[in-house]
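Visitor: Protein chains in written order, with our numbering: chain V, 7 to 505; chain W, 39 to 125; chain S, 20 to 528.
If you are wondering where the hints come from, they were derived from the structure by calculation, not from laboratory data.
Here are the computed lysine to any residue pairs in the SDA-like style, where the Cα-Cα straight-line distance is at most 25 Å: (1) W:K57 - S:G300; (2) V:K148 - W:L99; (3) S:K421 - W:I72; (4) V:K97 - W:L47; (5) W:K56 - S:Q379; (6) V:K115 - W:E92; (7) V:K97 - S:E384.
Quick list of the computed label-pair ranges, beta carbon to beta carbon: (8) V:W91 - S:P267: 16 to 22 Å; (9) S:K137 - V:Q387: 54 to 60 Å; (10) S:Q91 - V:E217: 54 to 60 Å; (11) V:S396 - W:V94: 31 to 37 Å; (12) S:S507 - V:E90: 50 to 56 Å; (13) S:N282 - W:V94: 44 to 50 Å; (14) V:E9 - S:P260: 49 to 55 Å; (15) S:G123 - V:K148: 25 to 31 Å; (16) W:E100 - V:W91: 36 to 42 Å; (17) S:P329 - W:D49: 40 to 46 Å; (18) V:P183 - W:V85: 36 to 42 Å; (19) W:V94 - S:G123: 33 to 39 Å; (20) S:P329 - V:P183: 43 to 49 Å; (21) S:G283 - W:E78: 38 to 44 Å.
Here are some chain V residues pointing at chain S (derived, C-beta under 8 Å): (22) G61; (23) G64; (24) L66; (25) P67; (26) V68; (27) V69; (28) R96; (29) N98; (30) F100; (31) P102; (32) P105; (33) R106; (34) F302; (35) P305; (36) D306.
Computed from a prediction, not measured in an experiment: that's the story for all the values here.
Backbone N, C-alpha and C define an ideal beta-carbon position, used for all residues, glycine too.
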Amino acid sequence: MTEKLMSFEEAVSQFDPVIGLEIHVELNTKTKLFDWAHYEFGSEPNTELTPVSFGLPGALPVVNREAVRKAVKLGLALNCHVNEWSQFARKNYFYPDMPRDYQISQFDKPTNGNGWLDVELEDGTIFRVPIERAHIEDDAGKINHIGGANGRLEGADHSLVDYNRAGVPLVEIVTKPICGAKALAPQVAGAYARAVRDIAVACGVSEGKMEQGNLRADVNVSLRRSPSDPLGTRSETKNVNSFRAMEKTVAYEIRRQAYILSHGGQVLQETRHWDENAQCTAGARLKSDANDYRYFPDPDLLMLRVTESEVEEIRASLPELPFAKRRRLKDEWGLSDTEMRDLLNAEAVDLVEESVKAGASPQGSRKWWLGEILRLANEMQLPLQALAISPKDVAKIEEMLSSGKLTDKMAKQVVEAVVKGEGSPEEIVEKKGLKVVSDSSQLLDAVRKALKDNPDVAEKLRQGNMKPMGVIIGLVMKETRGQADAKSVKDLVLKEVSK
Amino acid sequence: MAKLACIALSDEEIEDLKKDLQGIVKSVALISDIDISGVEPTTNPLVLPQHLREDVPGETLERDVLLEQAPECEDGMFVTPRILGDE
Amino acid sequence: MNGADKEEIVTLTASQMAEAMKKGELSSREIVEAELEVTKAVDPKTQSYLATCFNSAFMVADAVDQARALGQDLPDLAGVPIAVKDMIVTKGVETTVASKILKGWVPPYDATCVEKLKENGMPMLGKTNLDEFAQGSSTENSAFHPTFNPWDLERVPGGSGGGSAAAVSSFESPLALGTDTGGSIRQPASFTGSVGMKPTYGRVSRYGAISMASSLDQIGPCARTVEDAAMLFDAIAGYDPKDSTSIPDFPSSALKAAKEGKNGDLSGIRVGIISEAGGEGFSKDVMDGFLRGVNLLSSMGAQIEEQSFPHFLHGIQIYYILMPAEVSSNMSRYDGMRYGLRIMPPDATAASMMAATREQGFGSEVKRRIMLGTYVLSSGQYEKMYVAAQKVRTVIINDFEKAFESFDVLVCPTSPTTAFKAGEVVDPVTMYKNDIATIPANLAGLPAISVPAGLDSLGLPIGFQIMANRQKDELVFKVASALQEAVSKENEGPIWNKVPRLWKSGEND
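With the rest of the complex left out, here is chain V:
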């Protein structure tokens, strides 16, 4: 099913896009939200359950204090108002991954209300995203589809449920309608989600690993002709699991809806999903016509109280938040806006910071992380953080380079080997026998030999034509098995030809 689209430029010139994001952040507490089971990603199915998280008859929820503290911390970092009294409510619907067939969430009395978050866009402008609420709720289990293609829901003849994840604490951060982003709407969505993830990680409340589902987003998009019109009908794209996909979802939905509206059609209020293979959104499942969640306050749980002094205590424990930290680091490191943004986009700020802490120069470590290491990461299709090389390794290599123990070329070799898990920089230098040839008599011999063997090149050099310099350097390198420092070689050549 291919849908007709309007070009993005035309769509945003004709329509005003309004987006909304619901981001679920999985908290990294030791136990679940309502019971004492520990949860770890990837553990044996159905082994991390108690009567409570498995929804056995008679079992009752009791709220995890640490989950509340972490949710409040996240709320404060998102500039939310923390309500002294909040309440858990049941969201009733039947689904095989829900042990109780109701989710315990918060409805009209969330713990965190009314916040905002400033996000930085690619051109350096700041866009303020208004936040409606950041409430606490529990997660459902996981369904594995059997018999269909690629483990998808469609075509599966039956499915298997692992309830381990059921009951894991989530904070759902719901934005208010985000208006006025116009053509930047896709970027705003991605930048906002990244910022939320960075904040959650910086606050220590979530691991923030997208690939493990620690952060999942639902993306709402609607269009209207003019900012003064009421909001249009929105589509809700569920479980968009990467920042790029969020951006693409927004762009795709803008184009799709613009086409429909400009042809006199109506946008359906429906649930869709992002199809990474087809690079489009598609109607996921028919949103039940009678989707009435019948929220009501959970009678098993009393009102949740977070006192002002607790809020202040949590506020005092907030770390420097990523946005402020970046401004500070940019100044401290003397980077340009572009350089800093590149670091951000590559998610390498923390790595560079750690490298600098370990003794590397800001510029030096920036170049390594965004250069050779990023290239290798892309090659291996892994995030920078997942590579075997650590900021300490980078600092060490930098030091060996600046003290002249390694040449640029050697350093690259070391980096590659460390990335590939062959050992520490010292071990690799040792193993590969990497040593700068600094014995100048040995070098001089090699230079003289190269010039002698290539009289025409030598002649050109004598006449001041430096173009063939590389030929000589290459030969010297070959002679010294790459262990010569190119700059020293060049100096020697110049000395020789000017004699």
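Use these hints to put chains W and S onto chain V, whose structure you have.
Guide: Positioned in the frame of chain V, the structure of chains W and S alone reads:
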């Protein structure tokens, strides 16, 4: 309604139910005279803030015991019939 | 063991059993044996139990007897057997809530109160019958079989906890646990001449009591005497970190209060008669018995005054909004996915399997309440019905609070009538009215007890209800104990002892 409650009711049951609903509507009429302006709703008769649990892991259930009670299981997981219907 | 011994043993009260064991006159094994014999003879008539577990009861009894022989210090109730309503989860023992949907389910954990019974060394004799998911007032709605009233086997024992009440009053067990959401402990106690007590909401952990309506449910004791009920209350009450609605730091001393009450001195106690609980629907016999009870209280020095409760009778109206709402959500987990029944319709999807399982697994009363609850929570009705009812609940609570400024306890008949005949009440609304006087205590979370006040003209027991302010459970026991003592004197022996001995052939069968 039956769909919301996830029960495949027979027509007869639906008829009976309509009568019961009328009864309940009547009883709502009976309380509609009571002055509830400015009254807070009671969700639970206990008027205490809720006590919270410390974040300490404890004993979990044996998977085999759970699977023994399952209507159908496979590979340590619970089998559900296909989720997408024709509706 | 001869017949006389057996009768002697099972008609002992729990406190007498405990005392006899302490003195070495009786072993726990002998008690369980006697209960087994009586149950074999009586249970085919009353059908109190859904399942018995005498084998494990004997193991517990023997362990207690051995410990006692070794001179170990044991809890008061050690060795005293007990029956448990099948609404309460018992590890390794099938728990069905009298529903097809849970038939065969063997829980992997114990309810907190069951853990406490085990800590107290109490042998569990079996799981007692109830209306399916405790939804009913006659124990006729059990998916497996009805229970009959030991006083007259053609009559119902009340409900939902008819099994526990019948077991206790027919001497199949000295004690039982019940659950009470709108009167499920007290109304059966009233129908069977036994004592049933609903504690203050939060004093007994609900962990492991299968939820019907979470904000109304409480586990409580069923016994033949107030003293026995108080002993059991002390054993099961207390803070439980697994129940978020459990009251912290509140030690109980019900037995002490019940013993005090036995002295028959109620001077200084202010008793309010709820004038609304006595009008239309309340039988003359019940009112007569109730007023005799009031006179007895007065004769023991209590100050009696009538008190009007303008919203008392509204309780039942909002109960039938709030209760089904909570029921509809609490019943959702029975979906055929993880445990219990699964019905696979042709070409099943997850949704059609769930719907078919729930259609066939639930009885009609449960389905009715689920549908009512779904309706009152639906977006069009929520504010108008559910929230409005929650506000009326507050109004009723305020009425009580005001009344408890002037009174220590409030009294009224437990039930408008004495036990009715099986099959006699078919209309749900008429059935619901049985709980008109018991529901308000659940709405307000108050402690309330039913004790027999005498017998009606047919020789059936009449229940007398005593309510007190939250956390005044001990006061309830004290006044009830005084009343039971006075009623015994007036009737030349306790009411519970006047029940037919069903193990004797020819008695009431």
